[in-house]
Structure formats: structure tokens, C-alpha cells
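Visitor: The primary structure of each chain is shown beneath.
2 protein chains.
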Amino acid sequence: MNNTFRHTVPHLILDDFDGRQRVIIEQVVPELDGGKYPIRCMEGELLTVEADIFTDGADTISAAICCRPAGGGEWLRYAMQPRENDRWEGFLPVGKPGRYEYTLEAWIDHFITWKKGLSKKVEAGQDVLLDLRIGAVFVEKAAGRSPEPDALQLKTYAVKMLAPDQSAAVTAASDEALELLMLRYPDKAHATRYEKALALVVETPKAGFSSWYELFPRSWGREPGRHGTFRDCMRLLPLVAGMGFDVIYLPPIHPIGITKRKGKNNALVAGPDEPGSCWAIGSEEGGHKSVHPELGTLDDFRAFVAEAERHGISVALDIAFQCSPDHPYVKEHPQWFRWRPDGTVQFAENPPKRYEDILPLDFESPDWQNLWLELRSIFLFWIESGVTVFRVDNPHTKAFPFWEWAIATIQEEHPETVFLAEAFTRPRLMGRLARAGFTQSYSYFTWRNTKWELQEYLRELSSAPLKYYMRPNFWPNTPDILHEELQTGGRPKFIIRLVLAGTLSSNYGMYGPAYELCEHLPVAPGKEEYLDSEKYEIKQWDLDRPGNIRAEITLLNRIRKENQALQSTSNITFLRIDASAGHEHDWLIGYVKQSSDGQNIILTVVNLDQSNTHGGWLHFPLERFGIDAGSRYRMEDLLGGASYEWHGEWNYIELNPAVMPAHVFRVNFMS
Amino acid sequence: MNNTFRHTVPHLILDDFDGRQRVIIEQVVPELDGGKYPIRCMEGELLTVEADIFTDGADTISAAICCRPAGGGEWLRYAMQPRENDRWEGFLPVGKPGRYEYTLEAWIDHFITWKKGLSKKVEAGQDVLLDLRIGAVFVEKAAGRSPEPDALQLKTYAVKMLAPDQSAAVTAASDEALELLMLRYPDKAHATRYEKALALVVETPKAGFSSWYELFPRSWGREPGRHGTFRDCMRLLPLVAGMGFDVIYLPPIHPIGITKRKGKNNALVAGPDEPGSCWAIGSEEGGHKSVHPELGTLDDFRAFVAEAERHGISVALDIAFQCSPDHPYVKEHPQWFRWRPDGTVQFAENPPKRYEDILPLDFESPDWQNLWLELRSIFLFWIESGVTVFRVDNPHTKAFPFWEWAIATIQEEHPETVFLAEAFTRPRLMGRLARAGFTQSYSYFTWRNTKWELQEYLRELSSAPLKYYMRPNFWPNTPDILHEELQTGGRPKFIIRLVLAGTLSSNYGMYGPAYELCEHLPVAPGKEEYLDSEKYEIKQWDLDRPGNIRAEITLLNRIRKENQALQSTSNITFLRIDASAGHEHDWLIGYVKQSSDGQNIILTVVNLDQSNTHGGWLHFPLERFGIDAGSRYRMEDLLGGASYEWHGEWNYIELNPAVMPAHVFRVNFMS
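Sequence lines, in order, name chains A and B.
For the first sequence, our numbering gives the first residue as 1, with consecutive numbering after it.
For the second sequence, our numbering gives the first residue as 1, with consecutive numbering after it.
In short, the hints are calculated from the structure, not lab data.
Wrong hints could be hidden among the right ones.
The list treats identical chains as one, so a pair stands whether inside a single copy or across any two.
Unchecked claim - List time: in silico DSS-like cross-link candidates among lysine-lysine, alpha-carbon distance up to 27 Å:
(1) 36 to 467
(2) 260 to 121
(3) 116 to 451
(4) 353 to 116
(5) 264 to 535
Go ahead and model the full structure; you've got the sequences and the hints to work with.
Guide: Quick look at the structure:
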């Protein structure tokens, strides 16, 4: 018999196949790529799990979500409830960071089926003597599956159900307490277990909520023009911590190549004293596991990391898998590069553009295994120096299978590590990097500027399937990207983009001090590169320059820290704001975030127009957030400082960008 | 190294894992439930296969669909093309009926990548000497992979690409003929194969296109009131064939139980001469493998099947897995039933309703394996008697895993068999039965009556994923269902529902002669049961009764046979029909079907209102059907007989239901 199964129906090939498992479980959500990839959660989340669950005939079903630590341990079960159209739903409370697996289980509950039939028959005035005898057998059997004192109680019910007075017997059978007892000892002999155990990764808190600040250490020398060191940078830590950031991200800290070094503003030839781009990694002084001597020693770096930690800040390193022509790998591992017929190594190019200071690694090398091991060892090296956060440069130009393997194997030993993918590329590649294991992803936020663009993008990010695997990190600027809006929008636009980044996404960051100083000059009209970019030269920053927005950044970061609602990204709901009746406002964007316990509700409204005051009617659908529609509530503007009493669902708001282009309201209920 | 993979990244556990396979293939469509179920096609179909295909970096990709007979044989390859956003598409020409498997393959084409770079560099005026040397190596290597004379030709190109005159060398490198040659011998050393081989079942033609006629043989006795026999029924075959049907479907032909037999109009007690319901299967005279003696012998039945075959008609048997209390199984296999504490077998019930003449089989029996084998053997028994088409009664009240196993194992030996699921139940269950292997499914058509209901339902059926596994069969009536519309709509409504069933769905059927005689009386107001239902008594039918619609049925079946466009269901496109400008008509419904070769185009318009004439402007988006927008064309009404010359996309149509409530136009092009 079993052989016949094996032959023809592949998925019935199970050693413990039992044809009496009549319940079907399918179309499980979340499930990524047929279970190939884990879904990601944060501790404390209540994960909604859905599935189609049904059986032949009219029997009543019970179903549960089962969850346990990956690879073993006891299954914990959470009851599911039927919704519409055979769709079931349950909630899985997500535990401590780590890897888990979950699956579903469902079974026919013959007792409940029987009880429903009994009540209909009684209602129709039918004799139910025989039915009661049948039901008593279910109860007796449950007694056999249960410990004392429940067993005794069940046996007592079974006796009562056989009472000569049929109405008394029916009363006993219909007792709510009996049903509760029976639900505790179901007959799961023929229960169906969903065929896959799905992976669930609960991530370290920093994966879900982080505020990044990028800076170039070399610009922080104690004297003007002098190359800054890690020791010099220590004085910045109180400042950065004071602004409320918890990740400080450094561009590559390794020795910089000499050959084909780029000069100021990306000039093809560098002058003798120019520092070069720190992304042209490697020189005679070492490669990816070395520190650029002008920054200090490895010990200096470790001291910097330790000092940052004391300020509650993680140091993020920039890992860029590419080499300057002077990188030691070129001589030590020539097989990891593509050689040209003239005996030179192929440099990076995007024809007709050439990047001669950068040699890409060849992921099609016959020696790919050693290449993979070496690249992974770079992460491990820095992890040993105390680094747990990595910003990975252009991961979409390295083979995807490498990331999948490298991140999974590193996180097995170091689950606290965070990998941010710096990929500004096509959607499918971004998605795949996230599924390959990157904890966070740079995003299209920089280029989502209108109300409609922002809403559409956030809806995509906060919906299935993206919300299960991609954690965006919103950056209003980077050393590579000064968006046109910032070039022309002035200080109010910097505040607008700051508030959007920090309230739309729980992970956000900025390249400073360019951002807080509102640096806005591009290298040329129509370009997104900064003029005199810090990538190619040592800068001197006056942090107290008039017009800076340090106070606003500090305030926003405090609001983020104090309000749990802002520590998640997928909990967003956009609100309607009308310019006039029935006509939606183009410039005012509004959205609510609510913490998973429902208590913390933050309503943000931003005027996207930095030049004009706008007002409109905002619709706050109270009941959707568990608020009684008739209640009065106080809107406390955490950003502007004012406080307003609202009632009803429609309220007028107005924002003058010259004063403050946004409200970040906390909703407070009045007794 | 490999051990590390195995440990952490489950889906990289492949013996032939090669990290250099840089191309990613995912989100393949069609793929049902992660590849668990096959998709279904008809011979001659061109199956569109899509996937996300991309790689790291900027290299150019080639991709192909691979298909071969299930379990082995040579892979045939069909090139795919990139569409938007890394989505690729290809077309798989579906072969002869049988089981196949398909998968995808993609690889980086270094030559094409190189060639694109070359052309950009040349355009930018760069020196390309070194590039030409690199390219020549690709061409030489391809020569090594190719047979003569292509090898020689490639070698010649390689030489030309090294010509001292760079412009001549570039010309050689850019030769279209070289590219075509190179595409024939790609370097697939690191090609990615999609991780699953997906199953594809090409079904027997009758699975996709069939016209069913249901009749009760016992009503066709030669003398009024006498029980009809198979021999008597032979005289009906020319008539049914003449009407254009190719399946004749008989309700259960087995011995009928005596105990609790139902009388006329489902009366609880049958009179001594009443024949009973033929779904109460089994008596002392036998069970599911026996013939009801009053119908004749097994040999008579076989003769009937053979005679039907001579008329091009398949005989479909009704397989109902349930037993009358007199069925031999009750004594022979008591373990297949549920016994009650009073020593009786549990009958079917839907509390408070009782069906005491029907005993359900217990799919939770400890002896389930033998039950499964016995039930399957019933199909095999009738297959041996020449039956290949089965209508299965209420399959959704039997365990789903049974169907999956039974149909798969039967079809392995008998791929020509067709199983029609008679399940009028919830959508998930209907879908699962189709995926479990049922060839065709009864549908909700009977209860989809308004324009919007019909459009929405057909859109669902003709879209992914349903179109890949569910083949609906549209029945305007059955012995159980006389829809209210037919009770009150008169002859025009019978024609309306006939035309809808036969043009919306390539598989359709009717319960005759009730349908062609426009029988319309229900057993009681608000009920869908027929008055004096043939299910409980022997009827006498006057096939020539005035007002019958036999001519219309005959014509419609001929139109279906002569027009390939109507032999598929998922090829439907609904058209807009306006009552006035910009206001869509409520009563006129219009749709186009086009054959896969594009040549046969049928445009159907139905007036859903049987009482009033309606006219409107119909929009026929010519270019979507490959028709030049400026062309003139003749609309030949195959149903009404008239012919109209149309031009442009908007044309006026009008239908008087008293004359003919529908047009079935064939589009003829004029030179």
C-alpha cells in the first residue's frame, strides 16, 4: 500500500502518513518563497498567522499555531479562530531574540461537532437519548486522556449525561464548563500538522529601532587640516550621544591605495597631499583587516569602540569588498581577480565610465570557496574588535549566495550582529538581499518626495510580503546623495525630511554634520554629489554654525526614544487630510503609528511644502485605534510644544513651515 | 566547507552546490502551492511562464524554460525575454497529453555583456584594443564548445577581431551573425537551475471541451410506466448525438436499497411500487459494482457504452460513495461505518435533518487502507467496462487525501479518465478538490445571474491561480437545482442560460429532457427542487412538446464544435457595453474568446432580461485581438443567422429576447 503512495503522490511520501488526517491546512501566511526564507520579527510583536483550514463534510475544526526554538524543544500552542471563507487566524507572541520555527496543527473536534448537533436536535424537539449516549462516550474518552482532578470531573459529566431525565442530561451536556474541559483534552489522534516547519527569526532590538549618524573621522583632527584620528573622535561621542543617536557609522577605516588615487571632487589625479577616497581600500600598509595609519592603531580603534559603547553608541563599520590596485590581495590571491590579456587586473567599469582606482573581486573565481572564507573572516575580525554593526557597501554587486551563507553562518555565532545593505538598486535585488539575511536596507526614501510617492512606498514596505523580511533604513542624505530638494529647499526642507525619515521609519540615519548644518551645494547643477565632497578631502566643520538644526534632531530622537509607537515601521496608517470637502490635500501628509499594546499613539502631520503655510481637515478614524468615537482627547505636539483639545474624527490643522513644518502629536485621552 | 553550508543554510544543501551560480531565479508563475500540485493544460496551449530573474552587478542574462516528460528524457528549451522590473517571460508550447515537468535555467552571458560595453566605449571614442582581445577569447572558447562548421566560423571571427585595423575588428565583433552564433553556444558552466522541477499535466481533450447531457435511463421504458433499460435507452443515442452532446451522464445505475426508501417528492415512506432514489445505493442484489436488475445486466450496460461510443458519446457514470442500509458492505465491512451505542449504523444527518436511507462511510475507520483500496477498485471496475468519464457525487464529504491518491494512481494507468467533482460547496473546498486531481468541477454558475456576478466569477476562474488547476463545468440545471430564474423566466430565460453556459465555459451540461422542454415547476415556492422530481419516480417525457428548445441547443453545440475559440474557458475578455455615454448597460453582457492561434474570434452578446428588448453601444478593442483598428469586418451571427458589417471599435447592438436573446458572432475580416 505505502509503495503505491510513494510512487505517485510525492507529497504523501511520509513515513507516518495517515489517511485519516482529514483536515487540510494550506495557504499559510506568513510563508516566504515556500518556506525557503525565515520571516523576521522583533521581541514583543504579536505575529498574525493565517491559513486556509477546512475538512470534508461538516465537522467542526480546532486549530493552533505551534512554535518552538529552532531545531527542538517543546512546542507551545496558540489557538486559532475561523474568520471568513475557511480562513483561520491566530496570534503568535514573539519571544526573545533567536531562531524559532512555527507550524500549524488542526484537528476535527468530534465533541464540539456532536454538541452542535445535539442542540439543534433538542431545539427541533427530537428525542436525543441515543445522542446523549454517544456524547457520553466522547466525555469518557477525554477522561482517559486527562489527569486528575479533571478526569474525575469528566467522568461525573459522563454519568450525568446518561441520567434518566433527558432534560437534566442535556443540561449537563450543554454545560459551558464541560466544553472548556473537553477543549483541554482534545482527541488529536488524526490531527493534521502543516507539512512545513517555517523559520522565524526574532532579531536583536537594534535591528528594529536605530538612529544612525555617519561621520568621517579624518575630518576631526584637533588642528585645522590635520588628519583626524580615533583618539580625536572620542570628543565627538558625547555630542553624538547627546543628539540621541545610537549608531555611529564610519566609512572604511582601512589603508587607502596610492595608485590611481582620486583627488578633490573626484579628480582623476590626486595631489601629493590629498587623502584619497577611503573606499579605495588597501595599500602596502594592509587591507580590510588593517587600520589606516593616519587614523591610529587597531588598539586606538578598539578604545574608540569601547568609549562609544559607554555612551550607548554602537560603532558601525563600512565593509566594501573591493580593492585598490595596491591591496595585498592582488599579489597574494591573484586568482580572485579578473586578469586582462595585457597582464593587468580588470578595474571596475560601467562603460564608458571607468573606475581605475577600484578592482572588483571575481565571484566566478575557481577559488571561490577561499574567497568566501576570507571575506567572511573580515567580518569576524572586526567582531572580535567589538563591532556588531556593519554597513555593507554595494552588496548587490557581489554574488547573492555569498551573502546568504556569510550572514547566516556569522549570525549563528553572533546573533547580535546587524548588517545594513547599502544597495540603491532595483526592487527585486533589494528584496533578495533582505531575504538573503541583511538586517536592514537602505531604501528609496531619498527619492520619495511627494505625498503620493511617500504613501505608496510606505504602504508597500508595511504590507506583506515585504514587512516580513525587509527593514528599511531611511536616510535623507548620504555622502553620495544630496537630493535636489535639499539643494533648494532651505532649512525647513531639512526639518521636513528629518521628521519624515524619523517618524515613517523606525530605523533612520543621516550623514553629519552635513545634515544638521544644512549643507546644500552640489558639485554641479543637476548632480546629487556634494560640492567639495568629504569623500575626497578632509573637511572642517563648525558644528555651531547658525541655522543648524541640531536642536530639532535632538528633540526628534528623544521623541522616538520615548514613544514605542515610533519604534516600528509596519504599524503605519495614513490619514486623510482634505484641502476642501472631498478633495485631498496635496501638501499635508498625516499618519498614525500605534504601539502593539495599543497604549502609545503618535499622529504625525507634515507640511511637505517648505515655502507656504497650509491648512486642512484631518480625519482620524478613532475606532480603528480602539478609541471610542465620542471621546475627547488631547493632542500633545511633542515637536511644537503646543497642546490641543480635539473631539470627533475631523479636526483642522495648519502648519507654517517657517515656524515648524510638522506636528508630532501624542494622543492623550481625557477622563 | 560544504559542511558549513549544510548546517546553516538548508536550501544550499545540494551536492552540486556551486557558489559561482550568480543568477537568481524566483517567484515562478505558474507554480501551485510551492510546486506541490501540477498545473493543467490542454494540448496546443502556449503556456506563459514568468519569473524574477536577476544577478548581482550589471552583467547580461539569458534565460530559458526547460521542459521534458515527467521523470526523464531530454530537456527542450524555450528562450525567455526580460519584461519590466527583472520579470522575465517565456512561452512553453504544450505537447501531447501526459505528465511533464518544467523548470527554468538562467546564466550570465559574458559575451553579450562584453559586446554592450564595447559598443559604448567605441561610441565614446575610447581605445578598445584590449577589449577586442578580451572578446576574441570569448569567441575562441565558444568555438571550442561548438561543432563544425560553426567552430570554424567562430575561429574566423576571433581572428578578425584581432585585426590590426581596429575599426575592421570592431565591425567583425559587432556582426549580428556572430551574436547569433554565440547565442547558440553559450557558456553555461555556472548556469542556475531553478530549484524545483514543476509538474505539468496535459489532459485528454475531453477534459477541456465537453458537452454533457444527463438522463435517467429508467424513464425511457418502451411502454408508459415501465422501468426503462439500457437496451431501451439505445434509441436515445442518435437523438443525443444529433443534439451535439458528447457525454451522456447516468445517475447511479446500481441496485437501490429497500430499507427507508424514499417515495415520490422525497416522501419519507415509499409505496410498494416506487423505484426509490438511485443514490441510495446497494441492496441484496449488490452494491457499487452491480447493475440495478431493472436496468438490465452488466452486459447490457457494456453494450450501451459501446453503442454510445459509436455515436461519439462517452457514457459518464455517477459514483456516489454512500450506502443504503441494505448495501452488502454493511455486513461485509462493518468496520467502514460508524456504529451507534444501540447497535445501528449512523445514517447521514445535517441536524436536525436526517437522511436515514443513506449511510456514510467512515474515513476515520482503523481499516481506512482497505476502504481506500475498495473505493478505488469501483472506478477500476467500471473502467474495465469501458467507462472513462465519472461524475463524482459530493466528493467534498469524503477525505481529501483519498481523492488525491485515488485519482493520481488511476490516471497513471488510465490517463484518459475524466473526473467531474459534483461539489456545490465553499470555495476553498472546491479549489482543493481540483488540486487533488478532479479534472472538472461543477461551479457556482447556476447562482451567478446578473452581469456583475457573471463577470466577476468568470474573471476569477480565468485568472491565476484558478485557471491553472480548475476546469469549471457550467450547468444551468441539474436534477437537484431548478433555479428561480428558470422557474419564472420562461423559454427565453432557458435560451439565455443555455447560451451563457455554452459560451462562457468550454465544458457545460444540462439535465435533460427537463431543460430542453423548459420544465419550470418547483416542488414548493422558494425551493430549487423540481416538482415530481425524476429522482424519486419514473417520468415520461414528450420530447417534441411545443416550446422546446432542442433546435437552439443543437445549433449552439454545433457552433461550439466549429469554433475553437469556444473550446477554452480562460481565454475570455469582457467587453464594455454602454446604455448611454459612459454608463454601462445592466442587462447586456458581452465577451470575446479567441483561439490560441488568434484566427478564430467569437464575440457573444446576451440580453440577460428575458422580458424586454435592450440596445447599447458595444466597445470592441480591436487591437487587443490583433486586429488593425482601421479594418472593416463582418460580424456573422451564428445563432441568429444575420450578418453585419462593422467598422471601428464602437457599434450598436440590440436584442429582442422574444426573437433571440443572444448574438454569437464570428468575426470575419474583409480584404
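Visitor: If you check each hint against the structure, which ones fail?
Guide: Structure breaks hint 3 only.
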